[in-house]
Structure formats: structure tokens, C-alpha cells
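Participant: All chains should be built: construct the whole structure from the sequences, respecting the hints.
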Amino acid sequence: MLRDRLRNGILLLAALGAAMVFARGWGALAVLLVVSVVGHREFYMLLDAARIPNFKVIGTLAGSGLIVATWFSFLHPGATGPEGGFTLALFAAFLVVFARQFHQKNNARPLETMAGTLLGMVYIGFLFSFFARLLLAWGADPDGRLLVLYMIVVVKACDTGAYFTGCRFGRHKLIPRISPAKSWEGCAGGVAASVVASLVFTLALGGRVGPVLIPAGHAVVIGLGLGVVGILGDLAESLLKRASGVKDSGAILPGLGGLLDVIDSLLPAAPVLYFYVRLVLEPVVPAVMR
Numbered sequence: 002m003l004r005d006r007l008r009n010g011i012l013l014l015a016a017l018g019a020a021m022v023f024a025r026g027w028g029a030l031a032v033l034l035v036v037s038v039v040g041h042r043e044f045y046m047l048l049d050a051a052r053i054p055n056f057k058v059i060g061t062l063a064g065s066g067l068i069v070a071t072w073f074s075f076l077h078p079g080a081t082g083p084e085g086g087f088t089l090a091l092f093a094a095f096l097v098v099f100a101r102q103f104h105q106k107n108n109a110r111p112l113e114t115m116a117g118t119l120l121g122m123v124y125i126g127f128l129f130s131f132f133a134r135l136l137l138a139w140g141a142d143p144d145g146r147l148l149v150l151y152m153i154v155v156v157k158a159c160d161t162g163a164y165f166t167g168c169r170f171g172r173h174k175l176i177p178r179i180s181p182a183k184s185w186e187g188c189a190g191g192v193a194a195s196v197v198a199s200l201v202f203t204l205a206l207g208g209r210v211g212p213v214l215i216p217a218g219h220a221v222v223i224g225l226g227l228g229v230v231g232i233l234g235d236l237a238e239s240l241l242k243r244a245s246g247v248k249d250s251g252a253i254l255p256g257l258g259g260l261l262d263v264i265d266s267l268l269p270a271a272p273v274l275y276f277y278v279r280l281v282l283e284p285v286v287p288a289v290m291r
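Residue numbering for the sequence shown follows my numbering, starting at 2 and increasing by one per position.
Bear in mind the hints are in silico, worked out from the structure with no lab data behind them.
These figures come from a predicted structure and were not determined experimentally.
One should not assume that every hint holds.
In silico BS3-like cross-links for lysine-lysine, where the CA-CA straight-line distance does not exceed 30 Å [said to hold, decoys possible]: (1) K57 x K174; (2) K174 x K248; (3) K57 x K106.
Facilitator: In C-alpha cells, the structure reads:
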């Protein structure tokens with residue numbers, strides 16, 4: 002039942018949000034890596050279901066390595082700045098994937114193998130590395146844990162609002178060939194719910210969300226943006242599952258599906274929030290220098 006999926010998804014996200022808020026240092030990095038490994042595993046399972054060859058072990062290690070490189074680059078920026086370690090890790094990952102293909106003699110589909118492997122690294126590893134950026138771009142005190150929680154609340158408010166609005170008022174299908182259950186009315190209700198959640202969250206904290214000040218006007222803009230990209234992230238994962246011929250990306254909890262079914266809307270939301278905060282808002286504390 003969709004209601005069970007929604008309930009279990011909220012419980013899993015609550016656990017993830019609590020882990021991100023209360024974990025510090027190595028604990029927070031461990032949470033990110035666990036989610037990364039499971040997410041990569043489910044992505045490459047989708048490729049297997051679609052009979053697309055891939056280097057799942059290399060892709061998982063390289064994608065998770067992007068998160069580790071981002072983490073330590075922001076802790077110790079060095080001469081190349083906080084993005085230097087990430088850039089080097091990304092370059093090395095591409096080299097490893099190509100080098101691995103050089104030694105495969107009996108693979109008649111090398112282009113698909115390399116493309117599928119690299120897509121998993123980008124879809125999971127690259128996008129999820131922005132969680133590390135949100136956590137560490139401001140130094141250790143105050144850090145960005147509250148920003149991550151804020152993002153999770155706002156994005157998942159959209160999911161919840163879309164579900165209930167769509168059930169009650171849904172008449173016009175959004176993109177039925179990709180996600181038959183989604184409607185335009187549900188999407189509108191979801192985005193409205195994300196705006197309300199953004200306003201309530203920021204106003205409850207007096208506008209200060211961890212390292213940044215978010216005035217009411219910006220809270221509305223962020224709510225709109227995160228709601229829309231969250232829907233796009235959900236549709237993107239639905240497209241991957243359709244192409245693979247599977248209903249769920251995995252089976253973490255009964256009636257829930259996989260981890261990707263829960264974090265799909267968060268993956269594109271993290272970079273959107275990060276860039277908006279870095280480029281538009283005034284931080285309470287200076288961000289780590291680029």
C-alpha cells in the first residue's frame with residue numbers, strides 16, 4: 002500500500018535526519034558512507050535488471066570516495082581549496098573506470114559498461130557529496146547539520162503533501178508513462194507544503210538555520226525550489242526503474258522499497274540548497290574559502 006510506503010519512508014527519513022543531526026565527525030561521515038554504499042548497490046542492481054553491464058564494485062568505491070574526498074577537502078582545504086580533493090578524486094575515478102575496461106577482453110558492450118558505471122558515480126556519489134558540503138562548508142561551529150535537517154523536512158513535506166493532495170484532488174496525470182500515480186494537482190499541493198514547511202522551520206528558529214540566516218522571503222523561494230527539484234528527483238528515479246522494468250529499487254522495509262525510493266528527491270535538492278545558501282544568503286559565520 003502507498004500509505005505504508007509513505008509511513009515507513011517518513012520513519013526511515015526521521016532516523017536519517019536524527020543521525021545527521023546528532024552524529025559528529027567520523028559518525029556523520031559513517032552515516033553518509035552507509036547511505037552511499039546502499040544507494041550505489043541499488044543503482045547497479047537497476048542496471049543489472051536492465052541487462053546493462055557495469056563495474057559495480059569500482060563504481061561504489063569511486064562514488065563513495067568522492068564523498069570522502071569532499072569531507073577531508075573541506076576539513077583541510079590546502080592550496081587547492083576545499084574542492085581540490087574532490088576534483089582529484091573525480092579525475093582518478095574516471096581513469097580507473099577506463100583502465101578497468103582496457104583489461105576486459107570479452108565485453109562486447111564497453112561503452113554501456115563505462116557509461117553505466119560512471120552514471121552511478123555521478124547520480125549517487127556526486128550528488129550525495131553535497132551533503133558533506135552542507136555539513137562542513139561553515140567550519141565546525143556552527144556546522145551545517147541543521148541545514149541538512151531543514152532540507153530533509155522541506156523536501157519530504159513536498160512528498161507528503163503531494164500524496165494527500167493527489168489522493169484527494171488528483172485528476173490530471175503528470176507524466177503517466179514514467180509515474181502513473183503522480184498528478185499536476187498533487188505536485189502543486191506538494192510544492193505548497195514544502196513552502197509552508199520552509200517558513201515554519203525558519204520562523205521557529207528566528208530565521209537562523211545553523212550557519213545562515215534565512216529571511217521569510219528566501220524561505221519561500223527555497224521552499225519552492227526544493228519542492229520542484231524534489232519532484233524532478235522522484236521522476237528521475239521512476240524513469241530509471243521503468244527503464245529497468247522493476248517496481249522498487251530495493252527492499253529495505255516491508256512495503257517501502259529501496260533506499261533510493263526514499264532519498265531520490267533529496268539527491269538533487271542538496272546541491273540546489275548548497276548553491277543558494279553559498280551564492281545568495283549571508284552566512285552567520287564565514288564559509289570555508291573556495
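Participant: All hints, please: hold or fail.
Facilitator: Taking the hints in turn, this is what the structure says about them:
1. K57 x K174: 35 Å, violated
2. K174 x K248: Cα-Cα ~19 Å, so holds.
3. K57 x K106: 18 Å, holds
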